[in-house]
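Asker: This is what each chain is made of:
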Amino acid sequence: MKKPSTRRHVLGHLGGALAGLLTLPAARQAKAAVQKFFVSSQAPKGYDPTKHKWLMAIDIERCIGCGLCVEACKTENNVPRSSYYFRTWIERYVITKPKPGSGETRGEVMVDSPNGGMNGFSPNSVPRADNILKSFFVPKLCNLCEHSPCAQVCPVGATFDTPDGAVLVDPNYCIGCGFCIQACPYGCRFLNPQTKTAEKCTLCYHRITRGLKPACVEICPSEARIFGDLKNATADDPIQRFFESGKALTMLKPHLGTAPRVQYAGLDKEVR
Amino acid sequence: MTPELTNSFPVAITHIEGFVYPNEQNLLWSVLIVVYPYITGLVAGAFIMASLVRVFNVKALEPVYRLSLLTSLAFLLCAPLPLLFHLGHPERCLQIMMTPHLSSPMAMFGFVYAWYLMAVLLLELWLDYRHDFVEWAQVESGFRGVIYRCFTLGVHDVSDQALRLDARMGKIISIVGIPSAFLLHGYVGFIFGSIKANPWWGNVLMPIIFIFSAIVSGMALCVFIYMVLNWARRIPVDIGCLDMMGRFLFFALVTDASIEILDWVHRLYSADESIHVLKSLAAGKLFYTLLVVQACMGTLVPLVLLGLIQLLRKRMAVLIRQRVYFVTSALILIGVLAMRWNVVIGGQLFSKSLRGFTTYKLELAGHEGWLLSSALVLLPFVVLGFFIKYFLPMKYPGPRESLDAGTPSAKSA
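Taken in sequence, the protein lines are chains A and B. Whatever position you read off the first sequence (first residue = 1), add 24 for the working numbering. Just so you know, the working numbering puts 376 at position 396 of the second sequence, and the rest follows in order with no gaps.
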């Protein structure tokens, strides 16, 4: 027989629920402490992620499509050399002039990224110069989303947002299900065929946490990639100057609500 | 898919049309992920068939009650295998259960699976079989006897009161089981439906489409297995039961087809930026699997055939009806497999840049190949064979008279 519930019982249960609620923050802190101990992020000891906010921005008009950044990224991060795996890559857009009398504002849009743009781009496949309305290069990388869908869907929490603005994968915890790769709207992730874990741009976390720039930024000859620490930016910091320049800034696929933090200056509407 | 690790030169990539992001050139989720929702759907559908007897008291379906529950169990036991084989690190699979990331639909897998297996299927089967196990344990010896004795779990009380309690608990579990079956397959649909990055998947109707296609495929599987089993045992089928299954299959198919048509009408009418790429996907790369196999062979033809039977049941000979049921159930099973293929593979054939397509080439051997995946589809049938041998014996082992395949449950009603 069930005992009839009395006021004492109800109060007891309420007290229990309250105690449970009060222990939540403590449990969260414990979880954070455990994570700090177990998660492999490649940051040096003593690095405090809450004191930084890293960001990369791209100036489309400066990119010359040399592909050095792709090469540097592959070398620095041991990315497989095959043409199927990239943490960063360059796309070439060629927009032709509209046919006279067609009533259109522009002609055909051609996009390519041979070998991720790592070896540069051949001029042979491009139409004659007098037929081109506009052409430009778009470097792509992890968009460092504020609401990263990849971190949301990871079934074991192996991919996570760091307080300093990066989105990382713990290769020792990833089970290789590939859900995050499907969830990334920008195609920035891949399953490394050697480690069988998901991989992506980390902003060269092992470098930036030691005061260096990401490999792609370091090597870019035209300063198309602008990188900095928003929390510690001085007035003449490239990222500070970039945002103060008043250039119109856009991001990729804003309608998806992922709130990408990587911003592009001079992005054409054709770029997705 | 074995990647080319050595290729360091830009090559003319022949399997790409238009532009795709470089990381999208090879498909990530292959045929194993096609098999996974297929098997899970069969589990849920077969269970719904069984609960028609328990919960909704459809007496005509009693001959398939136990068969559908055992089918459900056999497929559920095999359901995680394709997922496991697909993982990059299968040895880490338990992390999904030990440290689930609660915002991920995939992390629900452990909970939903364990709940469905332990709290629904095994419990319902045990309560239904308990009386028989106690009796069979007394008359059988050898391996069979050991099995039956083990499965009594030491409970030998078969008093009227105990049996009434069994029946009532079984019914409650069945009632809980229906939303659980919806949850089991709805969550699989949600895995795809929640991917907003992919316009082919990210769709609020996806879980519902998955649930109804699961019910359709599971019912078709029950019809198929029931007919094959009786044919193998040289027992005449119960045409009343078959007609009733056919009727429910027809209703489920009508619902499923309507929802899928609604999905397409909505896509075409709202015509967002992805519609041109999805249209050329359906008319091009998925022409055979989507339009021919799924829509025509797997939906339209069964709809017409089953609809005709509903209208002309009395004028059709029993033998013709049986053959039509057999053919339609087989067609539906193939059609739903094609539907899973279209969702999983189709969703990766186009680029998220909406500018091009890639190609999927199914390997024969290898860890994501044709051989392994067909073995994984056949495995549940082998498991079911064992279940039927031991738990649906042709001759009832106890002192009661022998019954047809699947009928022992009649006593519990």
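If you're looking for bench data, these hints aren't it; they were derived computationally from the structure. Each hint should be verified, as a subset may be incorrect.
Unchecked claim - Here are the simulated DSBU-like pairs of lysine-lysine, each with C-alpha atoms no more than 35 Å apart in a straight line:
1) Lys293/A / Lys259/B
2) Lys265/B / Lys123/A
3) Lys341/B / Lys293/A
4) Lys220/A / Lys369/B
5) Lys151/B / Lys341/B
6) Lys259/B / Lys277/A
7) Lys277/A / Lys265/B
8) Lys255/A / Lys176/B
9) Lys277/A / Lys151/B
10) Lys277/A / Lys341/B
11) Lys293/A / Lys369/B
12) Lys123/A / Lys259/B
13) Lys77/A / Lys176/B
14) Lys121/A / Lys255/A
15) Lys259/B / Lys220/A
16) Lys265/B / Lys220/A
17) Lys176/B / Lys271/A
18) Lys121/A / Lys176/B
19) Lys158/A / Lys375/B
20) Lys265/B / Lys121/A
21) Lys158/A / Lys176/B
22) Lys151/B / Lys293/A
23) Lys75/A / Lys176/B
24) Lys220/A / Lys341/B
25) Lys151/B / Lys158/A
26) Lys237/A / Lys265/B
27) Lys151/B / Lys121/A
Asker: Between Lys265/B and Lys121/A, is the straight-line Cα distance small enough, at 35 Å or below?
Answerer: holds, 31 Å
Asker: For a C-alpha distance cap of 35 Å, please report whether Lys151/B and Lys341/B respect it.
Answerer: Judged against 35 Å, a Cα distance of about 47 Å means the pair is violated.
Asker: Sort out whether Lys265/B lies within 35 Å of Lys237/A, counting only the CA atoms.
Answerer: violated, 44 Å
Asker: Regarding the pair Lys293/A and Lys259/B, is the alpha-carbon distance no greater than 35 Å?
Answerer: holds, 22 Å
Asker: Given the hinted pair Lys220/A and Lys369/B, is their Cα-Cα distance within 35 Å?
Answerer: Violated. Lys220/A to Lys369/B sits at ~41 Å, over the 35 Å cutoff.
Asker: Starting from Lys176/B, check that the Cα of Lys271/A is at most 35 Å away, please.
Answerer: OK: Lys176/B and Lys271/A at ~30 Å, within 35 Å.
Asker: Against the 35 Å threshold, does the CA-CA distance of Lys75/A and Lys176/B hold or violate the hint?
Answerer: With a Cα-Cα distance of about 32 Å, the restraint between Lys75/A and Lys176/B holds, given a limit of 35 Å.
Asker: Against the 35 Å threshold, does the CA-CA distance of Lys265/B and Lys123/A hold or violate the hint?
Answerer: holds, 31 Å
Asker: Straight-line Cα separation of Lys277/A and Lys341/B no greater than 35 Å?
Answerer: Holds: Lys277/A and Lys341/B sit about 30 Å apart, inside 35 Å.
Asker: Is it true that the CA of Lys121/A sits at most 35 Å from the CA of Lys176/B?
Answerer: Holds, because 34 Å separates the two Cα atoms, which is no more than 35 Å.
Asker: Between the alpha carbons of Lys341/B and Lys293/A, is the straight-line distance 35 Å or under?
Answerer: holds, 34 Å
Asker: Given the proposed pairing of Lys77/A with Lys176/B, does the C-alpha separation stay at or below 35 Å?
Answerer: holds, 27 Å
Violated hints for the displayed structure, listed by number in ascending order: 4, 5, 9, 11, 14, 19, 22, 25, 26, 27.
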